[in-house]
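Student: Each chain is listed here by its residues.
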Amino acid sequence: MRVLALHPEKCTGCLRCELACSYMQTGEFKPAKSVIRVSPFEGHTSYSPYTCTQCAEGWCMTACPVGAITINAAGAKDVVDDRCVGCKLCTIACPYGTMFYDPDTRKAFKCDLCGGAPACADACPTAAITYEDTATTDWIGDFARERTARLLVVG
Amino acid sequence: MRHLIIGGGTAGINAIRTIREEERESSEITLVSAERPYSRMVLPYYLDRSIAESHVFTATAALLARWNVKTHVGRRAASLDTRGSVCTLDDGATIGYDDCLIATGSSAVRAPVPGADGPGVHSFWTLDEARGVIAQVRPGRHVAMIGAGFISFTILNSILALGAKLTIVEIAPRILPRMIDVTGAGIVEAWLQAHGVAIRAGAAVTKIEDAKSRTRLRFKSGPDIVCDVVVMATGIKTNLEWLKGAGVHVNRGVVVDERLRSIVPNVYAAGDVAEGRDLVTGQPTVHAIEPTAQEHGRVAGANMAGRDVTYRGSLLMNIVEVCHLDVASFGAWDDAKAETFTGLRAERPAYRKLLFTGDRLTGAMILGRSSDVWTTNDIGMLKGLVQSGVPLGSWKEYLRKNPFDVKPAFIASKTTAKLLPETVLGRPAKAPGDTPVAV
Numbered sequence: 001m002r003v004l005a006l007h008p009e010k011c012t013g014c015l016r017c018e019l020a021c022s023y024m025q026t027g028e029f030k031p032a033k034s035v036i037r038v039s040p041f042e043g044h045t046s047y048s049p050y051t052c053t054q055c056a057e058g059w060c061m062t063a064c065p066v067g068a069i070t071i072n073a074a075g076a077k078d079v080v081d082d083r084c085v086g087c088k089l090c091t092i093a094c095p096y097g098t099m100f101y102d103p104d105t106r107k108a109f110k111c112d113l114c115g116g117a118p119a120c121a122d123a124c125p126t127a128a129i130t131y132e133d134t135a136t137t138d139w140i141g142d143f144a145r146e147r148t149a150r151l152l153v154v155g
Numbered sequence: 001m002r003h004l005i006i007g008g009g010t011a012g013i014n015a016i017r018t019i020r021e022e023e024r025e026s027s028e029i030t031l032v033s034a035e036r037p038y039s040r041m042v043l044p045y046y047l048d049r050s051i052a053e054s055h056v057f058t059a060t061a062a063l064l065a066r067w068n069v070k071t072h073v074g075r076r077a078a079s080l081d082t083r084g085s086v087c088t089l090d091d092g093a094t095i096g097y098d099d100c101l102i103a104t105g106s107s108a109v110r111a112p113v114p115g116a117d118g119p120g121v122h123s124f125w126t127l128d129e130a131r132g133v134i135a136q137v138r139p140g141r142h143v144a145m146i147g148a149g150f151i152s153f154t155i156l157n158s159i160l161a162l163g164a165k166l167t168i169v170e171i172a173p174r175i176l177p178r179m180i181d182v183t184g185a186g187i188v189e190a191w192l193q194a195h196g197v198a199i200r201a202g203a204a205v206t207k208i209e210d211a212k213s214r215t216r217l218r219f220k221s222g223p224d225i226v227c228d229v230v231v232m233a234t235g236i237k238t239n240l241e242w243l244k245g246a247g248v249h250v251n252r253g254v255v256v257d258e259r260l261r262s263i264v265p266n267v268y269a270a271g272d273v274a275e276g277r278d279l280v281t282g283q284p285t286v287h288a289i290e291p292t293a294q295e296h297g298r299v300a301g302a303n304m305a306g307r308d309v310t311y312r313g314s315l316l317m318n319i320v321e322v323c324h325l326d327v328a329s330f331g332a333w334d335d336a337k338a339e340t341f342t343g344l345r346a347e348r349p350a351y352r353k354l355l356f357t358g359d360r361l362t363g364a365m366i367l368g369r370s371s372d373v374w375t376t377n378d379i380g381m382l383k384g385l386v387q388s389g390v391p392l393g394s395w396k397e398y399l400r401k402n403p404f405d406v407k408p409a410f411i412a413s414k415t416t417a418k419l420l421p422e423t424v425l426g427r428p429a430k431a432p433g434d435t436p437v438a439v
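Here the protein sequences come in this chain order: Z and S. Under the numbering used here, the first residue of the first sequence is numbered 1, with each subsequent residue one higher. Under the numbering used here, the first residue of the second sequence is numbered 1, with each subsequent residue one higher.
Heads up, some of the hints might be wrong.
Under 10 Å between C-beta atoms, here's a sample of chain Z residues computed to sit facing chain S [said to hold, decoys possible]:
no. : residue
1   : H7
2   : K10
3   : M24
For lysine-lysine, the following BS3-like pairs were computed, each having C-alpha atoms within a straight-line distance of at most 30 Å [stated by the list, open to error]:
no. : chain 1 : residue 1 : chain 2 : residue 2
4   : Z       : K30       : S       : K165
5   : Z       : K107      : S       : K430
6   : Z       : K107      : S       : K407
7   : Z       : K30       : S       : K414
8   : S       : K207      : Z       : K10
9   : Z       : K10       : S       : K418
10  : S       : K430      : Z       : K10
11  : Z       : K10       : S       : K407
12  : Z       : K107      : S       : K396
13  : S       : K165      : Z       : K107
Short, incomplete list of chain Z residues facing chain S, as computed with Cβ under 8 Å [what the hints assert, rightly or not]:
no. : residue
14  : T26
15  : G67
16  : A74
17  : C87
18  : I92
Bear in mind the hints are in silico, worked out from the structure with no lab data behind them. Just so you know, these numbers come straight off a predicted model, no measurement behind them. Beta carbons are placed, not taken as given, at the ideal position from N, Cα and C, and that holds for glycine.
Work the whole structure out from these sequences, hints included.
Tutor: Shown next as C-alpha cells:
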C-alpha cells in the first residue's frame, strides 16, 4: 500500500500542505480543516507535518457504531458522509489525534489519501511529504525527540 | 459448532461479525435479541430528525441472513443452564449450544420517586423509549430532564434543536458527576445557562404528578416545575436477573477473564453486562460504554471462532458536546491518588486536566469549544498517551507548565511507534463491508 511518508528534516514550515489539503477536503483554503498539520519544534526553527498513519487497527473504523468508516480504493480509512451521524466516537477512539469533527457539516473527517493522489505531497515544494509504497511508521518521533531536547533542558 | 449469541447490541453483533471473519469452517450461529439490532449511540440523531429511523439499525434481517444467522428477534432469554448448555427463552423455546455469549446489556432505571412511572415520564435508552420521547418533544414545549449525567447530555442538543425549552434537574450539587470534575462542571453549567438552559442542581424530586395534561415536579425544597415532558435519565442497571442460578460468577457484571470467558469455559460475556479488565487500573470493572462493548464483542467472537486472543483491557472514554462545547475524558480521570496538572483559560473557555502515575498519563480531561478543539490533534493524542502508557520522562514537567501543549510531548515520546503495532485482534481490522459471507 502507498502511504504518506514524512521527511521532517526537509520541512520548511511553509504550510502549503495544509492549504492544499483543506482545499481538497473542503473546497476552501482553511488550514483549520486540514487533516495534515505542521508543528513547530525547537522554537520555530524546525517543523514537521503530521497526519493519519492509516494504522492497521483502524481504531476510528472499528469504533464507528454505524459502519460509516470504511477502507477506500487507495487503502485509506475513509468516512462515508451519508452514514456518519457525527457522534464523535471515532475522534476519541483514534489514539493518534488524526480524526476530526467539523462543526459546520456535523461529520467526522480524516485523511483519505485524496483517494490515491494526495494533494499535500503534490503541494510540498521540498519533498518533505512523499507518497510511497512502503510500510507506515513513526516518521517524525526521532526528529522531534532530537529537536526538542534543548527545550526540555531549558524547561 | 453451534454458537449462541444472547443480545443483539454492539457486543453481540460485533461478536457475530468476528466469528464469521475468523472461523476456519462454517459454524451455526443463533442470535436471541429482544429488539431489532440497532445502535444506541445514534438515537440522539434520530431524536432531532437528522437521520431516519432506518439509519439506526446495525444488522438488518438481510445482513443477518447473509451472515447465515438464525434469529429469535423479539424474544428474551429467560434462563441459562450452563451444565446442560441450554438457553430457555421467554416463550419457553430452548436452544442448545456449544458455546454462548452473554451480551444482554443494560437498561434505564428511574429514581424511586412517586409518579416516576407515570404517562408523562420517559426514559431515553432503547429505541422504543426514543420513539416515546420523539413523539412528545416539539417546538415551544417545556422538557424537564431529571439526571444530569452522560445520557441526558447526549440528547440535550437534540431537544434544543427541536425548539423545546429545557430544564435540567440533578440531585447532586453539580452536573456530570461521573464524567468531569467540579471545575469542568462549572464551565459547562455556565455555558448551558448562557445558551438558555435552566439548571437546578442539588434538587431532590419528591413527587411527579399530573397537572391538567402537563406534569408537575415537586421538590424537597424550592418551587415546583410544571412541564410538558419529563425525561428521566437517572442511571442504568446491568441486565443480569435472568442469570440467577446460571452458574456464572456475577459481581457488578458477569466476571470474565482476558479472553472474555466466564468461569464456565464455554460461556463468554461482553459489553455492558460483562465485568472485564480496565486497561489503566487493571481492575475488573463494568464500563457500560460503546467502545468497550465493541472490543469485548470482537475479542469474544474471535475466541469463540477458535482463535486464542487475549485482551489488554478496556479504556474508559467519553465525549459529549453541548451547544458546540466539547467535553471528553479518558482513563482514570477521577483518580485522587494521581498527580494532577490542570490548565484553565476561562475566557475561551478551555480546560485541561492531566493525571499522572509516575511519568505515565493515566487519565485526562479536555474541554473546549468545538471550533477550538478540532483545530488541534489533542483529543486523540490524550487518548493515545493514556492507551499506550508511554513513559513521558521530562515531558511530564513540561506538561505541568504547559498542559495545553500536548502535541510535542506525544510526538517526541514516540507514542506513534508504540501504538502502531497495537491491534485488538492481532491483525488489521476489516472494513465494515468486508465480512465474509457465510455459506
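Student: For each hint, tell me whether it holds in the structure or not.
Tutor: Quick rundown of the hints versus the structure:
1. Checking H7(Z) against chain S: minimum C-beta separation of about 15 Å lies over 10 Å; hint violated.
2. At a threshold of 10 Å, the smallest CB-CB gap from K10(Z) to chain S is about 17 Å, leaving the interface hint violated.
3. Taken as an interface hint, M24(Z) does not check out: its beta carbon lies about 18 Å from the nearest beta carbon of chain S, beyond 10 Å.
4. Straight-line distance between C-alpha atoms of K30(Z) and K165(S) comes to about 35 Å, which puts the hinted pair past the 30 Å bound.
5. Proximity of K107(Z) to K430(S) is assessed by CA-CA distance (about 22 Å); at most 30 Å being required, the pair is judged to hold.
6. With a C-alpha separation of about 24 Å, the suggested pair K107(Z) and K407(S) falls inside the 30 Å cut-off, and the hint holds.
7. The straight-line distance between the Cα atoms of K30(Z) and K414(S) is roughly 29 Å, inside the 30 Å bound, and the hint therefore holds.
8. Among the hinted pairs, K207(S) with K10(Z) is inconsistent with the structure: their alpha-carbon atoms are about 69 Å apart, more than 30 Å.
9. Taken as a hint, the K10(Z) and K418(S) pair is honoured in the structure, with Cα atoms around 24 Å apart against an allowance of 30 Å.
10. Restraint check: the Cα-Cα separation between K430(S) and K10(Z) comes to about 35 Å, which exceeds 30 Å; the hinted pair is violated.
11. At roughly 20 Å between alpha-carbon atoms, K10(Z) and K407(S) fall within 30 Å of each other, so this suggested pair holds.
12. Simply put, K107(Z) and K396(S) have alpha-carbon atoms about 34 Å apart, too far for the 30 Å limit, and the pair is violated.
13. Straight-line distance between C-alpha atoms of K165(S) and K107(Z) comes to about 26 Å, which keeps the hinted pair within the 30 Å bound.
14. The interface hint given for T26(Z) is violated, since its Cβ lies 13 Å from the closest Cβ of chain S, which is over the 8 Å cut-off.
15. With a least beta-carbon distance of about 3 Å to chain S, the hint placing G67(Z) at the interface is held under the 8 Å criterion.
16. With a cut of 8 Å, the hint placing A74(Z) at the interface with chain S is violated, because the nearest CB-to-CB distance is about 13 Å.
17. Interface hint status for C87(Z): upheld, as the beta-carbon distance to the closest one in chain S is roughly 5 Å, under 8 Å.
18. For the restraint placing I92(Z) at the interface with chain S, the shortest Cβ-Cβ distance is roughly 5 Å, inside the 8 Å limit, so the hint holds.
Of the numbered hints listed earlier, those contradicted by the structure are 1, 2, 3, 4, 8, 10, 12, 14, 16.
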